[in-house]
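Let's have the full structure, built from the sequences with the hints guiding it.
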Amino acid sequence: MFEIVSDPIDATRVAAAVSRPHAGAVVTFHGTTRDHNDGRRVTRLEYEAYPSMAVAEMRKIGVAACERWPIAAMAIVHRIGVVPVGEASVVIAVSAAHRAPAFEACHFAIDRLKQVVPIWKKEHFEGGEVWIGAQTGEAFPSGSVAPARE
Amino acid sequence: MRVRVLFFALLREKAKVDATDWELPADATVAALWRDVVATYPALEPFSASVSFAVNEEYRDRDCRLHDGDEVALIPPVSGG
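Line order of the protein sequences matches chains A and B. Number 15 in my numbering belongs to position 15 of the first sequence; there are no gaps in the numbering. In my numbering, each number is its position in the second sequence, counted from 1, plus 150.
Simulated from the structure, these hints should not be mistaken for lab results. Be careful, since some hints might not be right.
[To be verified] Computed list of lysine-lysine pairs in DSSO-like fashion (alpha-carbon distance at most 30 Å, straight line):
1. A:K122 <-> A:K60
2. A:K114 <-> B:K164
3. A:K114 <-> A:K60
4. A:K122 <-> B:K166
5. B:K166 <-> A:K114
6. B:K164 <-> A:K122
[Stated by the list, open to error] Sample of chain B residues with no beta-carbon within 10 Å of chain A, all distances over it, derived:
7. M151
8. L156
9. V167
10. T170
11. W172
12. P175
13. A176
14. A182
15. Y191
16. P192
17. A193
18. D218
19. A223
Beta carbons are placed, not taken as given, at the ideal position from N, Cα and C, and that holds for glycine.
What follows is the structure, given as structure tokens:
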């Protein structure tokens with residue numbers, strides 16, 4: 001399950017999507033709106049996506065994770081629009097026979113999502129708003145224009 | 151040839167456009183498209199180093215050659231999650 005949604009994420013549904021009889025571990029990650037960032041008091045986040053490509057890139061993360069770890073399934077659901085403080089913008093669920101690969105694959109998935117999936121957050125704070133990541137330096141840490149392929 | 155250009159996030163706000171068709175010479179590259187876009191929307195010039203590009207939903211670098219009907223996304227640094 002790799003989806004972009006506009007409503008609050010049903011985390012139970014995301015976890016259920018990866019449930020398998022042979023998987024003894026299900027790890028879930030919720031990324032939620034934090035009330036502070038860089039010394040600013042954050043009032044809400046607002047997300048925008050290139051939806052078709054975002055889903056494709058999320059699915060590629062799932063494929064990459066399956067190649068690297070013995071996991072059973074992965075699901076990623078990202079919300080767009082306004083995400084209030086405390087609510088989840090993204091939920092990732094990973095199942096595996098055993099917990100170590102499930103934890104590692106889930107960690108990889110959120111790290112990778114933040115590098116390559118075409119979704120952007122606009123932070124609304126007391127006193128203004130700013131697009132996160134909109135620096136004028138290099139786009140990717142490696143310095144290359146496109147992200148490295150796993 | 152004609153391509154579809156999509157603007158996102160800060161680029162969309164600065165250019166005040168989210169999508170538009172763009173006429174280019176045959177065999178134009180992504181780099182040529184970007185130069186053209188900046189000439190039309192000078193407010194985007196400061197983002198020249200940090201913008202990435204996708205052609206038909208795949209990341210491509212600036213020397214990628216475009217074809218008629220391609221969909222090109224102008225992708226500022228991403229910040230999902």
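Each hint, compared with the structure:
1. For the proposed pair K122 of chain A and K60 of chain A, the alpha carbon gap of about 25 Å is at most 30 Å, so the pair holds.
2. Simply put, K114 of chain A and K164 of chain B have alpha-carbon atoms about 23 Å apart, close enough for the 30 Å limit, and the pair holds.
3. About 13 Å separates the Cα atoms of K114 of chain A and K60 of chain A, which keeps this hinted pair within 30 Å; it holds.
4. Between K122 of chain A and K166 of chain B the alpha-carbon distance is near 16 Å, which keeps this suggested pair within the 30 Å criterion.
5. Distance hint between K166 of chain B and K114 of chain A is fulfilled; the C-alpha atoms sit about 26 Å from each other, no more than 30 Å.
6. With a CA separation close to 14 Å, the supplied pair K164 of chain B and K122 of chain A stays within the 30 Å bound.
7. At roughly 22 Å from the closest C-beta of chain A, the C-beta of M151 of chain B stays outside 10 Å, upholding its exclusion from the interface.
8. Distance check for L156 of chain B against chain A: the nearest CB is about 7 Å away, which does not clear 10 Å, and the non-interface claim fails.
9. At the 10 Å boundary, the C-beta of V167 of chain B stays outside the reach of chain A, the nearest C-beta of that chain being 14 Å off.
10. For T170 of chain B, the shortest C-beta to C-beta distance to chain A comes to about 15 Å, beyond the 10 Å cut-off, and the non-interface label holds.
11. Annotated as non-interface, W172 of chain B keeps its C-beta farther than 10 Å from every C-beta of chain A; the closest such distance is 17 Å.
12. At roughly 22 Å from the closest C-beta of chain A, the C-beta of P175 of chain B stays outside 10 Å, upholding its exclusion from the interface.
13. Every CB of chain A is more than 10 Å from the CB of A176 of chain B (nearest about 23 Å), matching its label as outside the interface.
14. For A182 of chain B, the shortest C-beta to C-beta distance to chain A comes to about 15 Å, beyond the 10 Å cut-off, and the non-interface label holds.
15. The claim that Y191 of chain B lies off the interface holds: its Cβ sits roughly 15 Å from the closest Cβ of chain A, which is beyond the 10 Å cut-off.
16. At the 10 Å boundary, the C-beta of P192 of chain B stays outside the reach of chain A, the nearest C-beta of that chain being 14 Å off.
17. Under the 10 Å C-beta cut-off, the non-interface status given to A193 of chain B relative to chain A holds; the minimum distance is some 12 Å.
18. The claim that D218 of chain B lies off the interface holds: its Cβ sits roughly 20 Å from the closest Cβ of chain A, which is beyond the 10 Å cut-off.
19. Non-interface status of A223 of chain B relative to chain A is broken: a Cβ of that chain comes within 10 Å, the nearest being about 6 Å off.
Of the numbered hints given earlier, the model fails hints 8 and 19; all others are met.
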